[in-house]
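From first to last, the protein sequence lines stand for chains A, B and C. Residue numbering for the first sequence follows our numbering, beginning at 1 and increasing consecutively. Residue numbering for the second sequence follows our numbering, beginning at 1 and increasing consecutively. Residue numbering for the third sequence follows our numbering, beginning at 1 and increasing consecutively.
Keep in mind that a hint or two might mislead.
Taking lysine-lysine pairs in the DSSO-like style, the calculated list, with each CA pair at most 30 Å apart, reads [claimed, not checked]:
1. C/570 x C/473
2. B/90 x A/26
3. C/402 x C/473
4. C/570 x C/560
5. C/558 x C/473
6. B/90 x A/172
Partial pick of chain A residues on the chain B-facing surface, computed with a CB cut under 8 Å [what the hints assert, rightly or not]:
7. 8
8. 12
9. 20
10. 36
11. 70
12. 74
13. 102
14. 115
15. 118
16. 149
17. 151
18. 155
19. 159
Cβ-to-Cβ under 7 Å is the rule here; a few derived chain C residues that face chain A [claimed, not checked]:
20. 636
21. 640
22. 643
Bear in mind the hints are in silico, worked out from the structure with no lab data behind them. Even glycine gets a Cβ: it sits at the ideal position worked out from N, Cα and C.
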Amino acid sequence: MESQNIMFVVLAVIVALGSLMTVMSKSIVRAATYLLVVLLGTAGLYFLMGYTFLGSVQTMVYAGGVIVLYVFAILLTRGQTDKAGKTNGAVTSWGLLLALAGVVGTLAVVCTATWHVVAEIGKPSETTNSITMDTVGHNMISTEHLGYVLPFEAVSVLLLACIVAGIVIARKR
Amino acid sequence: MIQIEYILVLSAIMMFAGVFGFMTRKSTLAILLSIELMLNAANINFAVFNRMLYPQGHEGYFFAIFTIAIAAAESAIAIAIMINIYRQLKNIDVDELTKMKW
Amino acid sequence: MEHTLLILLLPFLSFLFLGLMDSKLSHRVSGLIGTTVLGVVAALSYYTAWQYFTADRLADGTFATLVPYNATWLPLGALHFDMGIMLDPISVMMLIVISTVSLMVHIYSFGYMHGERGFQRYYAFLSLFTMSMLGLVVATNIFQMYLFWELVGVSSYLLIGFYYTMPAAIAASKKAFIVTRFADMFFLVGILIFGYYTSSFSFDFAHPVYADGVTPFASVDTAKAVAAGGFILPTALVLMFIGGAGKSAMFPLHIWLPDAMEGPTPVSALIHAATMVVAGVYQIARMFPMWIAYAPEQMSIVVWIGVFTAFYAAAVACAQSDIKRVLAFSTISQIAFMMVALGVCMPGHEALIDNHASLGYMASMFHLFTHAMFKACLFLGAGCIIHAVHSNEMSTMGGLRKYMPITHITFLISCLAIAGIPPFSGFFSKDEILTACMHYSPICGWIMTGVAAMTAFYMFRLYYGIFWGTENKALHAAHTPHEAPWTMTLPLIILSLITITCGWAVNFGSFVSASGADYQIHLDPSIATTSVVIAVAAILVATWMYARESQPVAVDLKEKFPRLHRWAYKRFYMDEVYQYITHRIIFAHISTPIAWFDRHVIDGFFDFLAWGTHKLSEKIRGLQSGNVQWYAFVFLLGTILLYIIMVL
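Looking at chain A on its own, in the form it has when it is part of the complex (with noise of 0.2 Å):
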């Protein structure tokens, strides 16, 4: 239980820092690299909630390939300056008071909405249906009750289309 806690609060200082620091750093590579940060912390969110497999996507997939392929894209692009590069003051100052009252609304949402949970992290329970690497294979290609074949073929050509994309854009000509 308190090492489960611990745990989530470590993480959510990793994250909510990463988080800013990711917008706030001026080196772009920076950047990337706390978004890095970011999203390993999110896997071990996940880890937490016992959504491993989500959690192995998330590190294999963002952490492994995505960001990956922003650093070569960085890598790739930059000219002069490989500042992440900031615009002048007003629309800073701008951009922060809407963000903020952004995170205000949300939490007021947040914190005044009644939340019925039925299952705590960290509570073994009954109740919770454990989503294993079987039930995710089963359910992807299934069509009945909670089945996803239909949003996976549809996926499956969008990764398609966005590889015929991606080669055609940015070959050289």
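Dock chains B and C against the given chain A, drawing on the hints supplied.
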């Protein structure tokens, strides 16, 4: 005890960090990073709602997986576009990319 | 009678073939195809007529009305539009007239149109016209008649505008089309009123005109129309008459016919003398039982419009110098004779079959028949003359009898026929008309006799002007007139033979009469004598005035009454009246304001919309800065505002 509010607050911070980044950064790639942040925040919400409020189902879980897939695809395309733009303009600053307006 | 379908189908196929092949065929081949098809059609028509008129008469002495084909084309509830073929005495008679004249014109055109550009197109249009006209006369119902009526209008338009590079021809074709369309609008309204109130377009009532006091109109349900008021059917019939008046060039809708002479002369002979222009007469004859039963008083409209038109056209014809115009006005005048003859026929009011009261119907159809033949002959003769001297003006002619003997003789025969000299056909038919008119009202009869005298006068003025009188030696020396080729003289000879014989050799009354029964034509001695004497006198006057080399009397008269001559020459300024009404009144005071309204208010409104949208877009297009971050900012601002609104 991990309250659901804690996680939601965490995701809200991540989300609006992303929003802030989106609105203030100049480099297009940095903006894309901010978008990834926002997507990730949404994913956390999906997972936690599934885990804590509807543990019998797994809609949130699957939604998160699909979001990750789509986000990966989106960033791949976006990066391809960025590289292409960089080839053309030697620059990927967002306020320079106004050729396609109107 | 199944072969009657071919009579319609063959010219149509010929039209399609010639029209589609057009210049892929040589002149000779397309002309031969058209003429051969018409020959077959004519043979079929004669065969039909022979079969029809040799069949046994019904018990009441009439010929049976045959309907070999009738198909519902468009069912509309109780009403339905049919297409079919109906054979009764007048339609069979018309079949003969149309196919004969059309065949003659087809043969004639070989010579007349020789080497013309668009020769194939010309034959295609002739086929189209023949098909439409035949379809018109065999129509089983008034709606089919109307369809073919419009088709003949179209083919007339196409043929008048055949020389489409000449502005005058184009103007004439438009004028003909618009004037007849204007009249046809009334025809259509009449048809619709008729159809609405009787729930039928059918001509079932058409046979016999009357039979021993028994009403023959049983198959047309007029109860509704009569219940709706006595004026319904007369209104419908008079509206239809306006349509017929437009087609048959009755005053004041006659203005298109003289201009229609811009077309090739054989076309004038076929369409604007023999067949299409009598469609109006034919239509009245078709609807005749309805007129007699439901609109006897309104018949006087037909009579007096006819009388006035006959007189007016004859007066104008006396002063024209263009030979085709003279013939055109003479056609108007003669068609008016037919109209008058129909109008004065009142069989329902007299019980006796052989009474002169019912003579008009027969006389009208008889005159239609004879007139078609001699007027076609006159026009074709005029075509030969124009072919020889290359002009329509009488001043270029004179003394042509030496150069063109065949044309001269046939023209003379036709002139005698139209003047009403025995034994030529026109005498018999005109005599019947005058007898009928005299019985209707002596005033009408005497006016018509006078018009007949004028007819003789202006026809012989024309004849002497062309073949006698002063020869235009300078012109003829430069280009000696010559007789036309045999393709052109053969039709003249055939038509003049018909003109010579058909008056006395055949008893027309046994084929067509008001009652449908056999009617023996007999001459009323007093009227026949009067009309012959008057006609001869008129011819003598014309001879005295115009046969000599110099024409002192005519010139003297022209100088004494310059105004009268100018008015007649200018057709009593009818065209100018129309011009005034359409341009000065309708265009200037109605169309121009409407056009202004359309251009400034309607167009202006839409221009304003476009202008406003454009200006507004100019103003707000700055919002689409292309700056993604600005979009995101606005989006988020909007979201937060929405959130605030929903929370509050």
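Tested hints:
1. C/570 x C/473: holds, 28 Å
2. B/90 x A/26: The given pair, whose Cα atoms are some 20 Å apart, holds under the 30 Å limit.
3. C/402 x C/473: holds, 13 Å
4. C/570 x C/560: Holds. Residue 570 of chain C to residue 560 of chain C sits at ~17 Å (cutoff 30 Å).
5. C/558 x C/473: Status holds; Cα separation ~24 Å.
6. B/90 x A/172: holds, 15 Å
7. 8: holds, 5 Å
8. 12: holds, 5 Å
9. 20: holds, 5 Å
10. 36: violated, 10 Å
11. 70: holds, 7 Å
12. 74: holds, 6 Å
13. 102: holds, 5 Å
14. 115: This interface hint holds because 5 Å falls under the 8 Å limit.
15. 118: holds, 6 Å
16. 149: violated, 11 Å
17. 151: Holds. Min distance 6 Å.
18. 155: This interface hint holds because 5 Å falls under the 8 Å limit.
19. 159: holds, 5 Å
20. 636: holds, 5 Å
21. 640: holds, 5 Å
22. 643: Hint holds; residue 643 of chain C Cβ to chain A Cβ min 5 Å, cut 7 Å.
Hint violations for this structure: numbers 10 and 16, all remaining hints satisfied.
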